[in-house]
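Just so you know, we're using this note's numbering here: the sequence shown kicks off at 1 and counts up by one.
Source of the hints: derived by calculation from the structure; they are not laboratory data.
All of these numbers come straight from a predicted model, not from anything done at the bench.
Each residue gets a CB set at the ideal place from its N, CA and C atoms; glycine is no exception.
Check before you lean on any hint, since a few could be wrong.
[Claimed, not checked] Across the chosen pairs, the derived CB separations fall in these ranges:
#1 E215 / V261: 24 to 34 Å
#2 V134 / A165: 28 to 38 Å
#3 Y23 / F230: 47 to 57 Å
#4 A120 / R189: 20 to 30 Å
#5 Y23 / D162: 19 to 29 Å
#6 D200 / L84: 24 to 34 Å
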Amino acid sequence: MSESTVTRAAGARLLSIGEFSRYVGISVRMLRHYDERGLLTPASVDAFTSYRRYTPDQLRVAGRIRTLRDAGCGISLIAELLPLFATPHVLRARLAQHAASLETAAAELHAQQRLTLSLADALDTSSAVVGERVFPAVRTLRLRRTVACYPAEGELWADLRDLIARPDGADPARFGELVGATYFDEEFRDDDVEMAIWRDYSGPFSPRDGFDIAELPAQRVAWTTHRGDFDTIGRATEILGTWIAEHGFARAGALFNVYVVGPGRESDPAKWVTEVNVPIA
1 MSESTVTRAA
11 GARLLSIGEF
21 SRYVGISVRM
31 LRHYDERGLL
41 TPASVDAFTS
51 YRRYTPDQLR
61 VAGRIRTLRD
71 AGCGISLIAE
81 LLPLFATPHV
91 LRARLAQHAA
101 SLETAAAELH
111 AQQRLTLSLA
121 DALDTSSAVV
131 GERVFPAVRT
141 LRLRRTVACY
151 PAEGELWADL
161 RDLIARPDGA
171 DPARFGELVG
181 ATYFDEEFRD
191 DDVEMAIWRD
201 YSGPFSPRDG
211 FDIAELPAQR
221 VAWTTHRGDF
231 DTIGRATEIL
241 GTWIAEHGFA
251 RAGALFNVYV
261 VGPGRESDPA
271 KWVTEVNVPI
281 A
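Using the sequences provided together with the hints, build the complete structure.
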């Protein structure tokens, strides 16, 4: 028996769907929809007119449905949660899970809002300029790993900060100004991204905890400069891809970024400067 099936109290008058709608703050159209979905079945349905009537007790059930709906719960989740009102401790835990999902959704919406505004700002800016150069060979301290997604790159930088902070870690005085990341997958990936973060380093170091010394070779690259946060850095790779194809080149190695001004040096994303490089042949 669903929670919407209730026993009519002695002498209680059934409410018309219009009255019920007014009292509970749910439109007649939605009440019919909830009936069709088995969420709130009327106490009585006239066999000839299909006119729906409800008991006063069902107002409480309908109120719970309205509140859950306004809290961002869909039909299936409401159907799952309604019986849990009989066990408040179970319902409380399940509502906490829903609240966490809403927090994630809010962060995604905020990111979409930032991207929308940045797209609008880009309408007034000229296209990035693509150049060709030989990127010099460099000795780096590197951490290479497969991570969940591209934004998870921050986890690698946090590990590097931890290494530098350790008494037996890398010598901070032996780092240069070159800071970058390399992306090894042939294609763009939504998950399981293989990447490496690195800094030029002149000191001794014994490989450990995933860190090692990597000699990056001199490479002929097409490159462009991206300014701002990383939400729109895809524009830079689009421009590079167009330039490379139009000039008859082919990609000859893993794409890599050089963080001229990045999160580690500047807290304002609007001031970040990233050089995007594609090895070419």
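Here's how the hints hold up against the structure:
no.	hint	result
1	E215 / V261: 24 to 34 Å	holds, 26 Å
2	V134 / A165: 28 to 38 Å	holds, 35 Å
3	Y23 / F230: 47 to 57 Å	holds, 51 Å
4	A120 / R189: 20 to 30 Å	holds, 28 Å
5	Y23 / D162: 19 to 29 Å	violated, 59 Å
6	D200 / L84: 24 to 34 Å	violated, 57 Å
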